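A.B. asks: Below, each chain spelled out in residue letters.
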Amino acid sequence: MTSLQPKMWGERKLPPYVLLLFPAVTFMVLMYAWPFISSVLQSFIISGKEGGLTLANYVKVWELYRKDIAFTFAVTIFNTFLVGVVAVIFSVYFRLRQNRVSALLSAIFKLPIFIPFVVVSQMMNSFLAPHGLLNTALAQLGLVNLDKPLQLFNFAGLSFGFAWKQIPFAVLIIHGGFQMIDNSYIEAARSIGAKLPSVILRVLVPMNKSSIIVALVLVYSQIIGTFTLPYMLIGGKVPTTITVDIAHRVNYFRDFGVANALGVCSYIMVLFTAAYYLRSKIKEARQEVSQ
Amino acid sequence: MKRKSIAMAFLLIVAFGFLAVQGAFAQKSRLVFMTAGDVNMLALGQNVFAPGFMAENPNVQVITIHTGPGNAGSQTIYEKLLAEKKANKAAGDVDVALVHEIFMKWSMDQDLLQPYAQMTNTWKYVTSPFAKTSLGINIEGYVMPLFQSQTAIAYNPDYVKNPPKSYAELKEWVKKNPGKFGYNGIKGGASGVAFVMGWVYAETGKYKKYAVTGPFDKAEVDSWEPAYKALKEFNKNIVITAGNVGTLDALNRGEIWMGPVWVDMFFTFMNEGKLDPKMRLALPEPGMPGQPMFFVIPKNAPNPELSRKFIEYVTSPKIQANEIVIRFNWYPGIDGSALKGSIPQEVFDKIYRDVTPADLQKKGLAFPLADYYNAMLEAYERWAQ
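Chains as they are written, first to last, in UniProt numbering: chain A, 1 to 291; chain B, 1 to 385.
Worth flagging that the hints you see were computed from the coordinates, not collected in a lab. Any given hint could turn out to be false.
Claimed, not checked - Quick list of in silico lysine to any residue cross-link-like pairs, SDA-like style, CA-CA up to 20 Å:
id	chain 1	residue 1	chain 2	residue 2
1	B	LYS208	B	LYS278
2	B	LYS232	A	GLY177
3	B	LYS80	A	PHE253
4	A	LYS60	B	ALA379
5	A	LYS209	A	VAL238
6	A	LYS148	B	ARG253
7	B	LYS232	A	ASN154
8	A	LYS60	B	LYS278
9	A	LYS49	B	ASN374
10	A	LYS209	A	ARG100
11	A	LYS60	B	ASP222
12	B	LYS318	B	ILE343
13	B	LYS206	B	LEU360
14	A	LYS110	A	ARG100
15	B	LYS232	A	LEU64
16	A	LYS67	B	LYS232
17	B	LYS363	B	LYS232
18	B	LYS318	B	GLU346
19	B	LYS274	A	LYS148
20	B	LYS236	A	LYS209
21	B	LYS318	B	PRO115
22	B	LYS274	A	GLN122
23	B	LYS274	A	LEU133
24	B	LYS362	B	THR204
25	B	LYS229	A	GLN122
26	B	LYS318	B	LYS278
27	B	LYS236	A	VAL238
28	B	LYS161	B	LYS232
29	A	LYS148	B	LYS208
30	B	LYS278	A	LYS67
31	A	LYS13	A	LEU30
32	A	LYS49	B	ASP371
33	B	LYS363	B	ASP222
34	B	LYS89	B	ASN303
35	B	LYS165	B	LEU360
36	A	LYS209	A	LYS283
37	B	LYS274	A	SER121
38	B	LYS274	A	LYS283
All values reported here derive from a predicted model rather than from experimental measurement.
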């Protein structure tokens, strides 16, 4: 090793791939890696004060926001599960019933993907309100008493909003995966007597596992990071989501320390799923290369 | 040959065009107007003040810069001016700034502003006590108020015949009418924050110390626990609405009968047909917070006479009447009586019907000093939820 070093320095020749990688890597480091590292660092510093690293921000997070962290986690897990189940059912329907009705439905179903979250939030806000569209419509049918309407500015309403927005997105990915499965597999299963549920559970879902998991990972991390919907539905309530708390710390206190500590909690929540996603993507890429 | 002459002609046109544009800019003086506040303040600067002022002063170009809502927005302006001072910058970048009360405390301590107000021709209309002392410090001469924005309790007179006259009466009312009072907590907008601050003033009776004289005393914070525990009890019989707008919407849809709102939003919603015009306002004892926004001129403003001219324009009875009161429904920064001729009587009566100028003097309180303000918000998270 020591004998090689002077020779390399003497030649001063960088392998060409370093040059090629340089712009992309610099961009990644400056725009993604550095903010991420700096956010983690700042979570150990009390903003506006000199001094070393401290756990004070995390103590405050534990004292004031542990309920909100648990709530965020519960909302996210529940909705990821809900979105997964419903999206698989819809995708199976679109895969197995290919006619005009399903084509039309699947076209309409793509609409929510293109509607921004802030619009969805405003819509849910007036749709789910105690005297909003949903409750007044149910009252017209005699199902709900407007003096005691359904209260939906809570876990239930939030889940409805997330499901409305995220199911179509998940369907887009999962349905794409189902399309890749050749009809012969389904026909083969049918011909030896498989009923619909076992065709779904033992043929379609296992063969499409990777795209289902990718969809769930993306939905999961989007739900954790969403601010507008929780802010506009349950902003002032207790518990609320981490994103609302982060906005509160920054807007009212300019307290980036606690805000970053809350941020770190959400990074941890997405870390495992993100790691899984990356690993499966790398595996896919390797498979493609070897093919 | 032909191609060459076309190229020459093109170059000449570009060169002349460039000179012409530069000439046009050279003649215009630039006025940088930096504003804190929500995006409505940016719109106010860009769509109302700048074009209006430029129409009267064609040689001036007004540039509006927006820093963001709340104290944080004011803090950004303060940090900018302080940095200029530390760098010994003789001619700064900012001509006029529009700021919240807390800014005055910070910048007076650092001597960043110039006294200009008494030199303006609209000084004679300024009677608000907010323009003389703010958060316990003397600011007379350094500010001109643009408007006073105030919170109050809005109610639906169909269900509420005698609105509570104090926080104590409100507590009783809520016990008798569970689920019919709504506010937006402290994370959904400042009308909820103002309601909570008013609650602490009412429970402790220490408005003067918390908002006017200070000083900050950690022991005070610990003494609030019972006040917030009472608020926690109170919260069991109310609903938390979805934001400042959420309270007004819930009131309009009949979901709640009463709730704290910003007075300007209340009237604006009414004018736009988003709120039933029968709704009324009440300002309970000991009062609720509101805040003015102030015009200031930095000490190193490059062109103080022009800055003053801009402020004179915006605080003139004409603009105060047409824009501040009639269009945006704030209480004016200058004395209401100066506007009497300029505002239709029905607008004047509507705005001062439930909350009279005398009520505003007595019960239009200030937000607490910065340290108390932060402590009160955090105490809410600690004890009231």
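A.B. asks: Any of the earlier hints contradicted here, and which numbers?
C.D. replies: Checked against the structure, the hints that fail are numbers 1, 2, 5, 8, 10, 17, 19, 20, 21, 25, 26, 28, 29, 30, 31, 33 and 38, while the rest are satisfied.
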